[in-house]
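Chains A and B are the protein sequences, given in the same order. Position 360 of the first sequence, counting from 1, maps to 360 under the numbering used here, and the rest follow consecutively. Position 357 of the second sequence, counting from 1, maps to 357 under the numbering used here, and the rest follow consecutively.
Because the hints were derived from the structure by calculation, they are not lab data. Watch out, some of these pointers could steer you wrong.
Stated by the list, open to error - Derived lysine to aspartate or glutamate pairs resembling DMTMM-like cross-links, with alpha carbons at most 25 angstroms apart: (1) Lys163(A) x Glu86(B); (2) Lys311(A) x Glu174(B); (3) Lys17(A) x Asp36(A); (4) Lys163(B) x Glu86(A); (5) Lys97(A) x Glu33(A); (6) Lys311(B) x Glu171(A); (7) Lys329(A) x Glu295(A).
Said to hold, decoys possible - Over 10 angstroms on every C-beta distance to chain A, these chain B residues come out as not near it, computed from the model: (8) Arg134; (9) Ala212; (10) Ser399.
All of these numbers come straight from a predicted model, not from anything done at the bench. Even glycine gets a Cβ: it sits at the ideal position worked out from N, Cα and C.
Protein chains: 2
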Amino acid sequence: MSQYRTFTAQDAVEYAKQFGGLDDPSSLVEAQEVGDGNLNLVFKIFDTAGVSRIIVKQALPYVRCVGESWPLTLDRARLEAQTLVEHYQHSPLHTVKIHHFDPALAVMVMEDLSSHNIWRGELINNRYYPQAARQLGEYLAHTLFHTSDFYLHPHDKKAQVAKFINPEMCEITEDLFFNDPYQIHERNNYPAELENDVAALREDAQLKIAVASLKHRFFSHAEALLHGDIHSGSIFVADGSLKAIDAEFGYFGPIGFDVGTAIGNLLLNFCGLPGHLGIRDAAAAREQRLTDIQELWTTFAERFQALVNEKARDTALSTPGYASAFLKKVWHDAIGFCGTELIRRSVGLSHVADIDTIQDDAMRHECLRHAITLGRALIVLAERIDNAEELVARVRQYS
Amino acid sequence: MSQYRTFTAQDAVEYAKQFGGLDDPSSLVEAQEVGDGNLNLVFKIFDTAGVSRIIVKQALPYVRCVGESWPLTLDRARLEAQTLVEHYQHSPLHTVKIHHFDPALAVMVMEDLSSHNIWRGELINNRYYPQAARQLGEYLAHTLFHTSDFYLHPHDKKAQVAKFINPEMCEITEDLFFNDPYQIHERNNYPAELENDVAALREDAQLKIAVASLKHRFFSHAEALLHGDIHSGSIFVADGSLKAIDAEFGYFGPIGFDVGTAIGNLLLNFCGLPGHLGIRDAAAAREQRLTDIQELWTTFAERFQALVNEKARDTALSTPGYASAFLKKVWHDAIGFCGTELIRRSVGLSHVADIDTIQDDAMRHECLRHAITLGRALIVLAERIDNAEELVARVRQYS
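My request is simple: use the sequences and hints to build the entire structure.
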């Protein structure tokens, strides 16, 4: 095993030649670092024709954020690579392909997706990919079913749970989703104009009990190997294609967390649309987001149920009627987690471009306020929202 | 590390001298094997005065049962010792003390409890220990709170979950509790006269969905380090004292499983009492069991809540009102798991002496039928039984 060192562009080219699995490795000549530099180095490796052929990604041993620096385990590169490899086995169409991984260097070589764009940017720019919601539902159903107790042998499941224990990355989620927005904390990040709205969260006993319950489920419900951070910024899309990337938060957790994060980011886009489009276009795009959410859930639930019918191996969990009862619980969990995503992206450390890039202050604040109000409603009403149609009705009620 | 070999009585004496932590180890002279020989060797080690001073317990690499033999991991000795050591830290009054443990020999040296009796035998013989139910509630509250997300640092919790992964022993529970009684299986064990009652379980769609949900929670809800097998046969009692032993099923699972198993064994005794006592004595003892169950739950819930108030370290889970909401879920889980214990002890491989030692065939069958009927009712009604008084009312309704 090699010792850790930070890659230069030339290191990345040499590494890609050796481990990229290309037929013509000697054609690789140049690397460009395209990561944001906060958490990872991401090199695009180009060939002699100037075509980006493969990606080399290396984890940095720290994260710089909001002017502070904190150390962050390099082991997250192992967890990311292993999560993506596992997910690729079950959803090869919708998971980025990992060609090689070295835990000591915290480096992985993976498929180049230059033909794709990050979904968040496309959503903000109102570029519609009609298959994306359905494909995300397929990705979630395949990856989560095949790593659940329905499918895995109980011995394998337990070994996998141990292998994917991810304390440092989970702690980030535990803090940012479930603690910070509901208390005064230096990591929180919201405009002074929203102080009253945010203070109301801290005083809301019913809300805080519901958030505690969601955090407890995040802590203890090891239902499947989650992506752990499946927002529209960790999804690439192209015509007819969708690929998940960036799985460093992967661990065995509640299925509703992944589903809720995915839905939550479509709702954050919904909240931000009036800041990017004219009234008519925004209204039409909002309707499309609501349709996307229904399609995402319907695809996920139908595919998960079909996989249970076809491939479930656990005798008891295969009982007719059980999977649909379980999917009801997943749905309620998802609505709650979705609400926490709306709030933490509006009040907490890490925001989304769907809202933060809105230039007009008053409009941006209104969109943030909308996300907070909707997020709160979804968290406290989660158990009473029984299906995707009722969710859409609640979104309209709080819009 | 020494290689595994099966201990002779003389080996056990020598081992106890070396690792028993006694002031006068040379006084140990003789060993008597008192285990049932199915799973473990259990040696009492006597001194020159003929007093039993200490216990040496060694796991055997197989289990003999109902004429068949199956291999069983020696690692269960590590899991048992580590579970008891962990529980002793949090409930020293009510957990047997482990003096020494060797994983390679699968052997542990522990406190002698000759002054105590197994609770099951005392319950069958109508010998009442007024503190026992309360002390069992204390044991459960202290051990389960201190190994839960309320108390452990999230990093410690995750490391503990990995350390206590227990695939082989969990598989026994997964099969015996949640599969076998609800299907035709050679391990099942019930009199031919109950064939119709048992066949009805296999045909009961509502029941089987509820059992699947309980199995799924057993698989995936890593709430605390359970004892995993806390029935009245793994509890020693004496005047004013109660001690848990035999924790080889220890793993991180749903808190309601331990609580439900404990309550379930009091209800199995309730079901069997008319086979051991005259009508008046049986009726009085039954009332006492119902009081015991209420006292067990009340003590557990009040102590758990008090520990949350005093010692909880997780910011979100400390939210006022959350612990009581969580305890309601634990209660519903416990009722369901309790029901599965009643059924698996009546239909499945492993029975309880409370019913199996009843000499009169018709009476014994009636008691078994009672346990099955009550177990089924508790499983399907679990979500609608909201407190201990309602449980007692349901027990009366199905008696």
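Do the hints match the structure? See the list:
1. Lys163(A) x Glu86(B): Within the cut-off at roughly 23 angstroms; holds.
2. Lys311(A) x Glu174(B): holds (19 angstroms)
3. Lys17(A) x Asp36(A): holds (24 angstroms)
4. Lys163(B) x Glu86(A): Holds - the C-alpha atoms of Glu86(A) and Lys163(B) are around 23 angstroms apart, at most 25 angstroms.
5. Lys97(A) x Glu33(A): holds (20 angstroms)
6. Lys311(B) x Glu171(A): With a Cα-Cα distance of about 20 angstroms, the restraint between Lys311(B) and Glu171(A) holds, given a limit of 25 angstroms.
7. Lys329(A) x Glu295(A): holds (19 angstroms)
8. Arg134: holds (27 angstroms)
9. Ala212: At about 4 angstroms from chain A, Ala212(B) fails to clear the 10 angstroms cut-off, so the statement is violated.
10. Ser399: About 28 angstroms separates Ser399(B) from the closest Cβ of chain A, which puts it past 10 angstroms; holds.
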